[in-house]
Amino acid sequence: MNMKRWLALGAAVVLLVFSIGLNTVMALFKTDFFSNFDSLMSTEQEVSEIVLEPGDFNKRIALLSVDGTIQDVGSSTPWTTVEYDHQNFLAQLEAILNDDSVQAVVLAVDSPGGGVIESAEIHKKLLEIKEKREIPIYVSMGSMAASGGYYISAPADKIYAHRETLTGSIGVIMQSYNFSELADKVGIKFETIKSGAHKDMFGGTRPTTEEEKAMLQEMINDSYEVFVDVVEQGRGMTEAQVKKVADGRVLGGSQALKAGLVDELGGLEDAIASLRADYGLEDAELFEYETGFGDFTSLLGMKISSFFGPSPEERMLTKLMSCYDAPRMMYLYGEF
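Going left to right, the sequence shown walks through residues 1 to 336 as the UniProt record's numbering numbers them.
Honestly, the hints are just simulated from the structure, not real lab data.
Any given hint might turn out to be false.
To be verified - Pairs of lysine to any residue, SDA-like flavour, derived with a Cα cap of 20 Å:
{"#": "1", "residue 1": "124", "residue 2": "135"}
{"#": "2", "residue 1": "158", "residue 2": "224"}
{"#": "3", "residue 1": "189", "residue 2": "171"}
{"#": "4", "residue 1": "130", "residue 2": "286"}
{"#": "5", "residue 1": "199", "residue 2": "286"}
{"#": "6", "residue 1": "158", "residue 2": "64"}
{"#": "7", "residue 1": "124", "residue 2": "94"}
{"#": "8", "residue 1": "59", "residue 2": "131"}
{"#": "9", "residue 1": "243", "residue 2": "218"}
{"#": "10", "residue 1": "132", "residue 2": "90"}
{"#": "11", "residue 1": "130", "residue 2": "178"}
{"#": "12", "residue 1": "189", "residue 2": "164"}
{"#": "13", "residue 1": "124", "residue 2": "97"}
{"#": "14", "residue 1": "59", "residue 2": "98"}
{"#": "15", "residue 1": "194", "residue 2": "178"}
{"#": "16", "residue 1": "158", "residue 2": "189"}
{"#": "17", "residue 1": "199", "residue 2": "186"}
{"#": "18", "residue 1": "243", "residue 2": "217"}
{"#": "19", "residue 1": "125", "residue 2": "233"}
{"#": "20", "residue 1": "199", "residue 2": "217"}
{"#": "21", "residue 1": "124", "residue 2": "67"}
{"#": "22", "residue 1": "158", "residue 2": "328"}
{"#": "23", "residue 1": "194", "residue 2": "218"}
{"#": "24", "residue 1": "244", "residue 2": "223"}
{"#": "25", "residue 1": "258", "residue 2": "236"}
{"#": "26", "residue 1": "125", "residue 2": "87"}
What the hints assert, rightly or not - Estimated spans, in silico, between C-beta atoms of each pair:
{"#": "27", "residue 1": "117", "residue 2": "260", "range": "21 to 29 Å"}
{"#": "28", "residue 1": "214", "residue 2": "56", "range": "53 to 61 Å"}
{"#": "29", "residue 1": "217", "residue 2": "186", "range": "27 to 35 Å"}
{"#": "30", "residue 1": "50", "residue 2": "282", "range": "43 to 51 Å"}
{"#": "31", "residue 1": "101", "residue 2": "198", "range": "14 to 22 Å"}
{"#": "32", "residue 1": "215", "residue 2": "50", "range": "46 to 54 Å"}
C-beta atoms are modelled at their ideal positions from N, C-alpha and C, and glycine is treated no differently.
Let the hints inform the model, and build the full structure from the sequences given.
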């Protein structure tokens, strides 16, 4: 590295330190530093509320969002973020369950689906809200609300979708790579010590036997029937009506409307306006939850991330956190 590059790097570091210091000092002047020190330095996620449309605080509408693959891959930190934070979303649902001021929920879904367990957890919590709080839940589908994305939408009182929305994909999938032939070609030998004949089934190191495929198919079929039941109960359809389109196919918004999987064509604003009119909530406050960290921690994380950008290690870690090595049943449309 030549002298000009060293000077440029040094200047950049000085500017970074100065910027962090200036912003920190300004933050301290705006707050009671000593009484709020723990809050400023917090690395724990803090949930707050943002008012989107002012109104009656005693009659509020909560806007929730499920954006991305529905998998529990951990929570965001000041230094890295996850696309979808499952535990955080469940906490939001729990907050609504215990907040009498919330009189309705609008759920914005833009997801290809995800894990069987995670989807079931959301579905269960939504049913609990409906049964215990007796409040309406409307769904607004984005560009995609497929498989698990539809699974969590099914309990809604009314579902809105765009004409271009990809939805449906009712079914279960389990995939794995089988690289045993490639290993043979390059001279790799797998040495496996196992307690039973099927301990390494569907692990990719050997072909799956017909008996093992039958075992896995039985599991898939059980979860599929659960999915069908969820749609039956949520949409008030018969088993035959559901299974007519429950072969894994994706549907556009117009097709889903004809099949009875959605109620109206429209966007998020249409869903909110309809909910207000249907339940006399024209004057209700509309809000959403926001998750963040302590002021100083967020500032420091933002400054460092924006200056250096994600490292190759961070990008690799994020990718690893978004996938699973072991095969698992998924309510998912698209590639793993």
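Verification of the hints:
1. 124 to 135: holds, 15 Å
2. 158 to 224: violated, 23 Å
3. 189 to 171: violated, 36 Å
4. 130 to 286: holds, 19 Å
5. 199 to 286: Not OK: residue 199 and residue 286 at ~52 Å, beyond 20 Å, violated.
6. 158 to 64: Cα-Cα ~15 Å, so holds.
7. 124 to 94: holds, 11 Å
8. 59 to 131: holds, 18 Å
9. 243 to 218: holds, 18 Å
10. 132 to 90: holds, 16 Å
11. 130 to 178: Violated. Residue 130 to residue 178 sits at ~44 Å, over the 20 Å cutoff.
12. 189 to 164: violated, 48 Å
13. 124 to 97: holds, 12 Å
14. 59 to 98: holds, 14 Å
15. 194 to 178: holds, 19 Å
16. 158 to 189: Roughly 55 Å between the alpha carbons, so the hint for residue 158 and residue 189 is violated.
17. 199 to 186: violated, 25 Å
18. 243 to 217: holds, 18 Å
19. 125 to 233: holds, 15 Å
20. 199 to 217: holds, 17 Å
21. 124 to 67: At roughly 19 Å apart (the allowed maximum being 20 Å), residue 67 and residue 124 satisfy the hint.
22. 158 to 328: Not OK: residue 158 and residue 328 at ~31 Å, beyond 20 Å, violated.
23. 194 to 218: violated, 23 Å
24. 244 to 223: Given that 20 Å is the threshold and the Cα spacing comes to 17 Å, the pair holds.
25. 258 to 236: With Cα atoms ~15 Å apart, residue 258 and residue 236 stay inside 20 Å; holds.
26. 125 to 87: holds, 12 Å
27. 117 to 260: 21 to 29 Å: holds, 27 Å
28. 214 to 56: 53 to 61 Å: Once the Cβ atoms are compared, 58 Å apart, the range 53 to 61 Å for residue 56 and residue 214 holds.
29. 217 to 186: 27 to 35 Å: Holds - the Cβ-Cβ distance for residue 217 and residue 186, about 31 Å, lies within 27 to 35 Å.
30. 50 to 282: 43 to 51 Å: violated, 21 Å
31. 101 to 198: 14 to 22 Å: Violated - the Cβ-Cβ distance for residue 101 and residue 198, about 53 Å, lies outside 14 to 22 Å.
32. 215 to 50: 46 to 54 Å: The hint (46 to 54 Å, Cβ to Cβ) holds, given that residue 215 and residue 50 are roughly 48 Å apart.
Hints 2, 3, 5, 11, 12, 16, 17, 22, 23, 30, 31, counting from the list given before, are not met by this structure.
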